[in-house]
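Visitor: The primary structure of each chain is shown beneath.
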Amino acid sequence: MLAIIPARNEEDSIKRVIDEVRSADPQIDILVVNDASTDRTSLMARKLGVRVADLPFNLGIGGAVQTGFKIAQELGYQIVVQIDADGQHDPTCIKDIVDPLLDGEADVSIGSRHMSEGNQESTFTRYAGIRFFSWLTSWVISQRVTDCSSGFRALNDKAFRWFAEDYPIDFPDAEALIAAHRAGLRICEGPARFRARNNGRSSLRSWRLLYYPFKETLSIAMMMTKKPGKTT
Amino acid sequence: MSNALLIASLAGLAILGWVLFLYRGGRLKEDHALLWISVSITIVVLSTWTALLVAINQVVGAAKTSDVVFASFVALLIMVSIYYSIKISELTEQNRKIAQEIAVIKTLNSENARQTSDQSKRVKEETH
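If you're matching them up, the sequences are chains A and B in order.
Mapping of the first sequence onto our numbering: position 197 corresponds to residue 197, and the numbering continues sequentially without gaps.
Mapping of the second sequence onto our numbering: position 4 corresponds to residue 4, and the numbering continues sequentially without gaps.
Careful, some of the hints might be misleading.
To be verified - Examples of chain B residues toward chain A, derived with CB under 10 Å: (1) E30; (2) L91; (3) E93; (4) Q94; (5) R96; (6) I102; (7) T107.
Since the hints were derived computationally from the structure, they do not count as laboratory data.
Where is the CB? At the ideal position from N, CA and C, for every residue including glycine.
Generate coordinates for the entire structure from the input sequences, incorporating the hints supplied.
Guide: Shown next, in the form of structure tokens:
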């Protein structure tokens, strides 16, 4: 199993995240995808002895995660877990997210902040956005999704091989789930603990927060007009 | 010919001359040069061929014949902009794939180097 940690300028939190992942599951391999950080994120991860993939320029969260899928595919992993580098995701929940894949119940498993108590509350606009797109995703895939924006996900090889070829780049959240559903992948959701960021800011800020709902809605609408691809 | 049409035809000729100059110097690719040559020739033809302009004007009902030339120019510019948006989108996608490919290859190379180093260490330990 490989933990993919997409990171951009996370030198203050990357060590803690790697240490926590290791203590949560000593068997797990770790890949940090350094999305052209301008700080020492890559150096610090390398010092900790994990694999680091350095992107030559900033691709955004989707491009970084997809790079992780491509590397997992090349190295022959069976399961990948996607974890944010800012410390939001509690790695002790990895087992809960991965279990449905190991039991053969799902191909994509999402850790939801809205299915467990005591999680860090987001701002109203963010909360409203998550609720709206979760509703939209649930409606499109005919399955209840409570946290479509969660980046705390586990995928089996069928799912990440599919996404290694085609993955939404800018804001992969809801779009990726709908694409997965249309490709015939099974999705499940379980509770996961989310915490305040150790460091850094959300990728959705300022003008991007205004741009996001339009871009995401357009992408989903256009995706619905295309013929769905199928996994092999 | 009105002053507006004269300016339009001179602008068309200036664009044509500039595009040919850029193409000759290798600073513009064939397909891009052809696109701009088509745009400039269209402007020159519309602003100098009065009979055509009047015929078009009667169909669209513009207030002045020069309006047809400038409206056509704007329409052509919009089409060119969309063409460039398509090209930029393609290049962005190609760039992303190249960047990912570089990162994957470098990571796999590091992985191979690490495995080779581990194997060498093991062989050394066994021989000692």
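Visitor: For each hint, tell me whether it holds in the structure or not.
Guide: Do the hints match the structure? See the list:
no.: 1; hint: E30; verdict: violated, 29 Å
no.: 2; hint: L91; verdict: violated, 13 Å
no.: 3; hint: E93; verdict: holds, 9 Å
no.: 4; hint: Q94; verdict: violated, 13 Å
no.: 5; hint: R96; verdict: holds, 6 Å
no.: 6; hint: I102; verdict: holds, 6 Å
no.: 7; hint: T107; verdict: holds, 4 Å
Hint compliance for this structure: hints 1, 2 and 4 are broken, all remaining hints hold.
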